[in-house]
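Trainee: Chain by chain, the residues:
Protein chains: 2
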Amino acid sequence: MENITIKVLASRLNLSATTISKALKDSYEISEPTKQRVRALAAELNYTPNTYARSLRTRKSETIAVVLPEIADHFFALVINGIESVVREMGYHVLIYLTHEDYEREKEILQYIKNGRIDGLLISITKNTITSDHIAQLEQENIPVIFFDRIIEQLQVPKVVTNDFESSYQATEHLLNCGCKKIGVCTIFADLELSKQRIMGYKQALKDNHITIDVDQVLCCTEDDKTYDQIYHKLQSVNRPDGLIAIVDKLTLPIYQACENSGLRIPEDLKVISFSNNPSASILNPSLTTISQPAFLIGQAAARLLINSLGPKYEQVQQDITIIPSELIIRTSTSLTNR
Amino acid sequence: MENITIKVLASRLNLSATTISKALKDSYEISEPTKQRVRALAAELNYTPNTYARSLRTRKSETIAVVLPEIADHFFALVINGIESVVREMGYHVLIYLTHEDYEREKEILQYIKNGRIDGLLISITKNTITSDHIAQLEQENIPVIFFDRIIEQLQVPKVVTNDFESSYQATEHLLNCGCKKIGVCTIFADLELSKQRIMGYKQALKDNHITIDVDQVLCCTEDDKTYDQIYHKLQSVNRPDGLIAIVDKLTLPIYQACENSGLRIPEDLKVISFSNNPSASILNPSLTTISQPAFLIGQAAARLLINSLGPKYEQVQQDITIIPSELIIRTSTSLTNR
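Top to bottom, those sequences are chains F and R.
For what it's worth, the working numbering labels the leading residue of the first sequence as 20, then goes sequentially.
For what it's worth, the working numbering labels the leading residue of the second sequence as 20, then goes sequentially.
Isolated chain F (complex conformation):
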């Protein structure tokens, strides 16, 4: 099949390539009859502009990238829906890249992106991302970057997050109000800022309620294949919690399963709250009290910041942090029980 280029159109119509190009761009320099002839032939031959060639000239890809750890996760899926709801209206395309929590892969993806494919980047880092050079490098190439959810605090780019500290504080107070005496918190992240904030919120709530912090009640399950065993072991121990905050939804399943297998009843023996956007929360056994994060709104806000930063105003928003609050939704897993 012949490759239909501007040159082909020009030769068929006996016009110059420049005339064809201008006609296709609806230039005032070209007469209407000529434009019509060009458009008609372009339609007939199914001519489409070569995006690579165009991008090479304009250095604008009309495309933004979203780099994030995974999508088998309702939070991130909703963020992407929020991003797309904004970006599409502006005529931009969205490319989604998954790091699968692999720091090296994140670096590779950013290197790939840097080579001229996109106009801007929305990123939520891997749980193992320890430096920010690979992200700062995009900034140096004048590719604007916006962080969402999982951020690197010290990097001076706009960030969109939820109120991690306050949400966790509120969850802890809720468990105290439900009569819990020994509250634990469970994370799968050793280093992520959001995890630190949530644990700090938990500790501050205990402190403000004059409860001594017991480091044994902070359970850090950083190895995927040992998460269930760690939780099960903790729930079997003498020093087991009677209330537990899961700082990611991924922990809900192993916590429920560990309770089932160790004969602990939720909420009678253990009250559970998860940071979760899982629509199934209301039909779990028992229904799950959640901190529901405004994932869709986070996506929208991050996308708007990025679109704005593609214009000349970028410097002004450079250091902003946007905080969109989460919501505590109380269900059976933290019901008051007679004990």
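Check the hints yourself; a few may be wrong.
Identical chains share a label here; the pair holds if one copy fits it or two copies do between them.
[Unchecked claim] Computed list of lysine to any residue pairs in SDA-like fashion (alpha-carbon distance at most 25 Å, straight line):
id, residue 1, residue 2
1, Lys-133, Arg-31
2, Lys-126, Asn-22
3, Lys-44, Leu-283
4, Lys-133, Ser-40
5, Lys-133, Thr-82
6, Lys-126, Thr-82
Please keep in mind that the hints were generated in silico from the structure rather than gathered at the bench.
Since we're looking at a predicted model, the values are computed, not measured.
Fit chain R to the known structure of chain F by using the hints.
Mentor: Structure of chain R alone, referenced to chain F:
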């Protein structure tokens, strides 16, 4: 900031652009000391090849696209993970495009893709996709296409699906074995081939068991915002089913909620099976019997077919259909009960 090109490197080192280019490609024509000088300067100035320029020359983007309806869905999330597990090893990049069930958007995305951005396409169509011209057009541009899950049967491209007919047949027989007398099936798709196959499997199982098919027991909820009401109304009716097959996981939540709100107990009053890959199935109230689709394997198989089709063997596999069987996992929602 200066744009570091091969010309810049050439001028700084007082070499020709051709020499620089060959040195960067490790050509045998260039001496080792020269290569080292070139590499050192390229590293120092942070030179990266312009992918657009390279793509323009080679017409290979080393990128494949995955076009699918949504990702807030465990099935599709796992398919993508399967695709990435294969494609990444081959050094390809994956671009993910979401249609959000919008047929016009699907056409726009394919038009965008056609303009030279990708080497091949993996696609699962929207529930409203009624023609295949926009997909066939990619084939005509020599961009290979592979269907997964949601296919257009008559289009002669390779397809990867699960055994929709047999799975549904098996689900229906399971409900019959559990004592159900009036089995219903619930879909949200009017036209998708997988939906037709699943309903056909259900009907065939009834027929083979000498049970008259009652068209009232085939519930089609095509409008998102009316799904719950339709199910609730059906469960309130005199002719309500005592067993129900949900052909997508999205229906699990409204079915459970409608039972809760109409005082029907699962499994005593209604037994439920969903086509579902939701990890929460085992901790629902009650735990949910599922047809678990091999989403990850479907992704892997589709990706392998696409990668193979990028070579010269494409014609040979053009008409293949790959069927990877699903698995019935029996849980409490279809438990035998004394009635």
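Trainee: Would you mind marking each hint as holding or not holding in the structure?
Mentor: Results of checking the hints against the structure:
1. With identical chains, the CA atoms of Lys-133 and Arg-31 are at most 25 Å apart between copies only, with a shortest distance of 23 Å across copies and 39 Å within one.
2. Taking identical chains as interchangeable, the C-alpha atoms of Lys-126 and Asn-22 lie at most 25 Å apart only when they sit on different chains, with a minimum of 21 Å there against 36 Å within one chain.
3. Neither within a single protomer nor between protomers do Lys-44 and Leu-283 lie at most 25 Å apart by alpha-carbon distance, with minima of 70 Å and 63 Å respectively.
4. With identical chains, the CA atoms of Lys-133 and Ser-40 are at most 25 Å apart between copies only, with a shortest distance of 20 Å across copies and 29 Å within one.
5. Within a single copy, Lys-133 and Thr-82 get their C-alpha atoms as close as 13 Å, and across copies as close as 15 Å, so both meet the 25 Å cut-off.
6. Taking the shortest alpha-carbon separations for Lys-126 and Thr-82, both the intra-copy value of 19 Å and the inter-copy value of 17 Å come in at or below 25 Å.
Consistency with the previously given hints fails for number 3 only.
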